[in-house]
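Student: Residue numbers (the numbering used here), protein chains in the order written: chain C, 51 to 311; chain U, 351 to 567.
Since the hints were made in silico from the structure, they are not lab data.
Small disclaimer: the values here were computed from a predicted structure and weren't measured.
Possibly wrong hints are sitting among the right ones.
When the alpha-carbon atoms are kept at most 25 angstroms apart in a straight line, the in silico DSS-like pairs for lysine-lysine are as follows [as the list claims (entries may be wrong)]:
1. C:Lys159 x C:Lys280
2. C:Lys159 x U:Lys445
3. C:Lys224 x U:Lys445
4. C:Lys201 x U:Lys532
5. C:Lys165 x C:Lys262
6. C:Lys70 x U:Lys532
7. C:Lys224 x C:Lys72
8. C:Lys201 x C:Lys165
9. U:Lys532 x C:Lys280
10. C:Lys165 x C:Lys60
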Amino acid sequence: MKAGMKFTLKVWRQKGSDAKGKLETYELRDISPDASFLEMLDVLNKQLILTGREPVAFDSDCREGICGTCCLVLNGQAHGPDEGTATCQLHMRRFKDGDTIHVEPWRAKAFPVVKDLVVDRSAFDRIIAAGGYVSVNTGSAPDANSILVPKQDSDLAMDAAACIGCGACVAACKNASAMLFVGAKVSQMALLPQGEPECSRRVLAMVQAMDKEGFGNCTNESECEAACPKEISVSNIARLNREFLRASLCAVEGKAGGEGA
Amino acid sequence: MSWLLATVSASIGKKQCMALSGLALCGFLVAHLSGNFLIFLGPEKFNAYAHFLESHPLLIPAEIGLAFLFLVHIGLAARVTRENWAARPHGYAVKATEGGRSLASGTMWLSGLITLVFLVLHLIHFKFVADDAKMDLHKLVVTTFHSLPYVVWYVFAVCVLGLHVGHGLKSAFRSLGLEHPKYTLALLWLSRLFGVAIAIGYASIPIWAYFFTRTLA
Ligand code: HEM
Chain C
51 MKAGMKFTLK
61 VWRQKGSDAK
71 GKLETYELRD
81 ISPDASFLEM
91 LDVLNKQLIL
101 TGREPVAFDS
111 DCREGICGTC
121 CLVLNGQAHG
131 PDEGTATCQL
141 HMRRFKDGDT
151 IHVEPWRAKA
161 FPVVKDLVVD
171 RSAFDRIIAA
181 GGYVSVNTGS
191 APDANSILVP
201 KQDSDLAMDA
211 AACIGCGACV
221 AACKNASAML
231 FVGAKVSQMA
241 LLPQGEPECS
251 RRVLAMVQAM
261 DKEGFGNCTN
271 ESECEAACPK
281 EISVSNIARL
291 NREFLRASLC
301 AVEGKAGGEG
311 A
Chain U
351 MSWLLATVSA
361 SIGKKQCMAL
371 SGLALCGFLV
381 AHLSGNFLIF
391 LGPEKFNAYA
401 HFLESHPLLI
411 PAEIGLAFLF
421 LVHIGLAARV
431 TRENWAARPH
441 GYAVKATEGG
451 RSLASGTMWL
461 SGLITLVFLV
471 LHLIHFKFVA
481 DDAKMDLHKL
491 VVTTFHSLPY
501 VVWYVFAVCV
511 LGLHVGHGLK
521 SAFRSLGLEH
531 PKYTLALLWL
541 SRLFGVAIAI
551 GYASIPIWAY
561 FFTRTLA
């Protein structure tokens, strides 16, 4: 095993949503190169607790890269330097011994800081509640293959459905735009026959909900795609734009104008 | 009509209006440059073309249309940019690119603003001084470009414009939902090529005038 590593951390500390925060500096030594970034923060917190200080609040859950809970901006990159990797799957061997690492929360008006590195991402939940679902009758389950889906469509829908809703797209975007998230959620259903009946109402309602939360607009830079731990493609943003245009111009007014418009 | 208002005031709708006006303005850039190239053919051809435009009955409607496109594009640019800035009230202490950003895409508001300043100065120098139909426009252009600072500024501004449309063209296609693996890559390169062509095309005239028309003036 490689010897323990040394790091200087500059961590955003903020007592509560209304408090003024600042970057605090911590020195860490003897960190295993095989520790994940979150395990390294666990070591820091243990150290803080043992010296009677307040531990750093940060979000984590599965620590397997699939739940979308962890959310740190490391040295200015959402989820740190590795591609297609969430913060929890990033390991300290990725950094150099003695590195200084800036640890900041997602920054967006729509994602207010709750405490330290924890942000409130319920804006995403409200966008999903506005239309990110398929209405089905309860009762006996329909036959799985009663509607055939072309392989290429199901593949594209699966790619879009890989989104774990972590919000890295928003964090990385210079405009704090949620277009990649909404694009993925609209696409995964627009591509499948089960989602098709509600697709016009859905896209209009979800875009309206997105705008209400105060996310920015899309400059088509593709920073979001590069930051996404699930490598969701910006072609989903193009599909969202296409769906929006089609629903706005071509959908039957009553249907499109229901809850959405 | 409420659907129309809802469409153009949604985030995506605003960007789609910017994309449409931006694409139309790209068309204008090509048409304007094609006309300008007549300057290489000498004073008679260029002045004849200028006087043909000045006296054309459709000139005023065309100018109104063009002004409308600029107003839509600039008005929405101001709104969209303000919203984008407001969406992140607290910035990062350290920000690094993830790998998607280019110089052009990161500076669209700035390149747009420089283009606007350029546009206003351009109109002052070449349009509003030259309202006299009998004016020798060829001479006006050539002598204006004998000033080195002016040539430097002009070349700088059209390079910035090239940067703007170099990202803008492909961005506009995506804003309108036009994307498919079969042409996405081609569109990316077409867009970059267009930006370079616009910059070189527009820069060629002041550079030519500065270096090769001293004796004419
Ligand atoms: C001949 C002049 C111009 C042309 C051909 C042009 C073209 C374009 C195009 C094609 C786009 C892409 C639209 C999209 O992303 O969907 C764009 C974006 C933009 N333009 Fe222009 N434009 C011109 C002048 C201006 C001016 C004068 C301004 C501002 C003062 C401006 C500000 C912007 C901004 C801020 C954006 C990016 C919006 C964003 O962040 O997504 N443009 N332009």
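Student: Now, for every hint given, state plainly whether the structure supports it.
Tutor: Going down the list of hints, with the structure as the test:
1. C:Lys159 x C:Lys280: Cα-Cα ~24 angstroms, so holds.
2. C:Lys159 x U:Lys445: holds, 17 angstroms
3. C:Lys224 x U:Lys445: holds, 10 angstroms
4. C:Lys201 x U:Lys532: At roughly 18 angstroms apart (the allowed maximum being 25 angstroms), Lys532 of chain U and Lys201 of chain C satisfy the hint.
5. C:Lys165 x C:Lys262: holds, 24 angstroms
6. C:Lys70 x U:Lys532: violated, 50 angstroms
7. C:Lys224 x C:Lys72: Distance of about 21 angstroms is within 25 angstroms: holds.
8. C:Lys201 x C:Lys165: Answer violated: Lys201 of chain C to Lys165 of chain C is near 45 angstroms, above 25 angstroms.
9. U:Lys532 x C:Lys280: holds, 23 angstroms
10. C:Lys165 x C:Lys60: holds, 16 angstroms
Violated hints for the displayed structure, listed by number in ascending order: 6 and 8.
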